[in-house]
Amino acid sequence: MKGLQLTRDEERIFDGEKGEPQKVAIRLLYSLGELGGADRLIPIKSAHISGVSYKNIGEGGIQFLRKMMTKVKVPTSLNPLGFDIENGGPVEIDQNFHKKQMEIIDIYREMGIMESYTCTPYYFYNKPSFGDHISWAESSAIIYVNSLIGARTNRESGPSALAAAIIGKTPDHGLHRNDGRKASVIVNVDSELDYTGFAALGLYLGPKLNRSIALIRGQRKASDLELKAFSAALSAVSSVPMFHVEGVTPEYNLVSDGAEVINVDKGSIDETISKNSSKEEPELIAIGCPHLSAEELSYIAGLVKGKKKVGPDLFLFTSREVKENSKDAVKTIENFGGKVFVDTCMVVSPLSNSYGKTGTNSGKATFYLPLSGYGNQKVTFTGIMDLLKWVIG
Amino acid sequence: MGDWMIKGRGLAPGKSRGAAVVCDQFISPLGEIGRDGTLNNSNCQGMKLPGKIFVFKGGKGSTVGSYVFLDLKGRGLAPAGIINESAEQMIVTGATISEIPMVDSIPIDIFYNGDIITIDGKSGNVSIENVTKKKITTVYLMRGDRLLLMKRSDRVSTYPSQYGGISGYMEANENPEQTGKREILEETGISDAETVAEGKAIYVRNNNVIFEIYPVLMVTSMERVELNWENSGYEWIKYDSVDKYETVPKFAKTFQTFLPVIRQGKLQQ
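Going down the list, the sequences are from chains A and B.
Residue numbering for the first sequence follows our numbering, beginning at 1 and increasing consecutively.
Residue numbering for the second sequence follows our numbering, beginning at 394 and increasing consecutively.
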């Protein structure tokens, strides 16, 4: 084992000469580099941090952030938290949760991290380019920017992405290298999929791929939005960091010799959808995991325009920037009787404070929401048209 | 008796010493390690981690699991060190941010609960106190598609009446091949054995002894075996039927590492 070689400057940081947060940060990068077989640290252009909601990181997380309190060195965006800061909601929260959550937000702000509060920072706040080395957490964003944009990041956790942001570097291994981006599995899908179909394909493939990169064939018309749904579902149920889509994504020519082949038929997709649906009438329709784009928001506005909501509540989740720039769509949805929240989502907010049955088109939320002790929801997983049938009279 | 040292991969710096808590499982810290530092895994229920060297296969589950160690550390309930067979990011992150020394790439079945262990998370060195190391060579001797199994006599000190290869203690300055050829001659009378491949050392724990075993694959053209006192019988078996015999620890599993070589047909002398 040759091991990771630190420069003289990096050694000084390692020995604590530049301060405690820097010491902990570089030691973490060093350990993860050793684990991944890196021989050096390389500069990064940006970072994205998960581990924001108090529901996720708890007291241990707050202690860690206090220990790491220092300015970040590269543009760094931040994941959603447990509630909409300015407007409140989506559910009632207790005072302690609110206090702890604001404590976390204050620490991140103090470190110079953007107040983006979104899992889709690649739309506005933090847009990587092809070939950029970056250090991102948030599984759905990692897989999206690797696959659709061709930026390069490993599957970082909240702490490791923060460490990279503090040092401005990340260990050079895995997805940062061409070899680490090759598909080792080829997936043939026999029919064209829609948004929900792609989310279901993600849930179906995750356990089969485990951590392997796949090349998807037979989906040359896949849109960015559909691949966003696929990204989030696949990465929620696996450790897959990237995929390729033949004829669509920028690096689909990277395939290993002798890649294994998996064939997926329409039946498996339909079965995945029905298996994940409780079929009970939901108390809440939740859409926006990952956060909605402006295009998605105006699409939904078009579907509910001029109508009056009946039945379950309708909550949509997006970023501040998208909401700000989609005023007409937001107004239409609010006139209908739906609500549009920013800064948060159905997964990281304590939804079970108010709801027990949720309908969603998100494969990712379909994985997280039913977990007992976490989301505690009965979930109905189905397409947007079917979801809206519950609320359009 | 003294200390025995094995080198793994250092993953989180720092040194510590403590009693081992061994759980032969993958652990999800979120959900399987309680707030008081007690294990809540169905196979290792109730084991207490504070101040101990926590030995387990590796991590699984939520990346938020990293914070579990930090939370324990903050309240003085963290393990003093972590040893994994095969580590992944989440446990390494938890160990590093909590300043718990950590090493991986070590076979965890050489540890007993309560062993006093010293761990150096930078060099990767791990030592167990009060054990004796014995170096052994085990030969897998083949003739065509046949593997020679020796039935150990009831006069040998370890694993009597079980099947094994041709084994013996390595004398000072002997390499595995030399020990192997000497033992083959002593135990079988076969004199034309040639080495085909040598495997990586494996470790077997037996009370206060750790056997460091060097496996060697050899071939012969001679069928006739003359036994000495160490064995009470022998069989030339089809090499792929080794699982049907009651063999000494790790014998069959180690043999599997030679299967690629055997299947490439490299056994002809």
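Just so you know, not all the hints are guaranteed correct.
[Claimed, not checked] Cut-off 25 Å, straight-line C-alpha distance, at most; resulting in silico cross-link-like pairs (BS3-like, lysine-lysine):
| # | chain 1 | residue 1 | chain 2 | residue 2 |
| --- | --- | --- | --- | --- |
| 1 | A | K67 | B | K637 |
| 2 | B | K593 | A | K23 |
| 3 | A | K55 | B | K466 |
| 4 | B | K593 | B | K631 |
| 5 | B | K466 | A | K23 |
| 6 | A | K309 | A | K279 |
| 7 | B | K466 | A | K99 |
Simulated from the structure, these hints should not be mistaken for laboratory data.
On a predicted model such as this, the values are computed, not experimentally measured, just so you know.
Outcome of the hint check:
no.: 1; hint: A:K67 <-> B:K637; in the structure: 57 Å, violated
no.: 2; hint: B:K593 <-> A:K23; in the structure: 36 Å, violated
no.: 3; hint: A:K55 <-> B:K466; in the structure: 20 Å, holds
no.: 4; hint: B:K593 <-> B:K631; in the structure: 24 Å, holds
no.: 5; hint: B:K466 <-> A:K23; in the structure: 18 Å, holds
no.: 6; hint: A:K309 <-> A:K279; in the structure: 20 Å, holds
no.: 7; hint: B:K466 <-> A:K99; in the structure: 23 Å, holds
When held up to the earlier numbered hints, the structure conflicts with 1 and 2 and fits the remainder.
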